[in-house]
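Protein chains in written order, with the working numbering: chain A, 1 to 115; chain B, 1 to 112.
Quick caveat, the hints were computed from the structure, so don't treat them as lab data.
Positions of the beta carbon are idealized from the N, C-alpha and C atoms, including for glycine.
Treat the hints with care, since some could be wrong.
Claimed, not checked - Label-pair distances were calculated between CB atoms; the ranges are:
#1 Glu53(B) <-> Pro8(A): 24 to 34 Å
#2 Ser24(A) <-> Thr13(B): 19 to 29 Å
#3 Ala10(A) <-> Leu19(B): 28 to 38 Å
#4 Ser52(A) <-> Thr22(B): 16 to 26 Å
#5 Leu41(B) <-> Thr112(A): 39 to 49 Å
#6 Glu30(B) <-> Lys57(A): 21 to 31 Å
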Amino acid sequence: EDQVTQSPEALRLQEGESSSLNCSYTVSGLRGLFWYRQDPGKGPEFLFTLYSAGEEKEKERLKATLTKKESFLHITAPKPEDSATYLCAVQDGNAGGTSYGKLTFGQGTILTVHP
Amino acid sequence: EAQVTQNPRYLITVTGKKLTVTCSQNMNHEYMSWYRQDPGLGLRQIYYSMNVEVTDKGDVPEGYKVSRKEKRNFPLILESPSPNQTSLYFCASSIAVGYEQYFGPGTRLTVT
């Protein structure tokens, strides 16, 4: 069974205080690992897709990395507008299995950045 | 404008009264999916479809039905809603497996 665990559950930072969010996963065949941002009452908004261990992607103050067991979302010098829930998800890519294409999300990390 | 639309956005109903939540995308996406989001449980996939006439169960399919007769539409049907189906529901679509999902605005369902 595919599983995704995110830590910490909640993170409070001061503006400018860099930190990292963790996403640990198990999946029979990784088709893709996704990071999303979700604001209260809204649908998740796509940030990054990572496909293989060693891959890294950056966008503004965010950088996502991937190993065979986990992914990190690094936030450099965060601003209050970065406050949101960050979600990690894996998509099953085991074409011979019964779960090919299934997406499993973690419970998310609630990030609060204080000015 | 490329988007995923859901209707209704808010719905209050009673136990046992059949309902349908519609989902439509205008991006010619092959992959569509339904999720429910509950406090402390995160987003859980209900059903997904990789193409027309192809649907598969996610992690929490019990009590729900779906159909994919056209590429753009993927309705979620609750034949006999129960209070434990009170939740925030999201529809999403992507070009294909392995690509990012675009989410709709959500449907907040309350079953009394």
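Hints versus structure:
1. Glu53(B) <-> Pro8(A): 24 to 34 Å: 43 Å, violated
2. Ser24(A) <-> Thr13(B): 19 to 29 Å: Violated: the Cβ-Cβ distance is about 38 Å, outside 19 to 29 Å.
3. Ala10(A) <-> Leu19(B): 28 to 38 Å: Roughly 34 Å apart at Cβ, these two residues keep to the hinted range, so it holds.
4. Ser52(A) <-> Thr22(B): 16 to 26 Å: This hint is violated: roughly 37 Å between Cβ atoms.
5. Leu41(B) <-> Thr112(A): 39 to 49 Å: Cβ of Leu41(B) to Cβ of Thr112(A): about 21 Å, so the range 39 to 49 Å is violated.
6. Glu30(B) <-> Lys57(A): 21 to 31 Å: Roughly 24 Å apart at Cβ, these two residues keep to the hinted range, so it holds.
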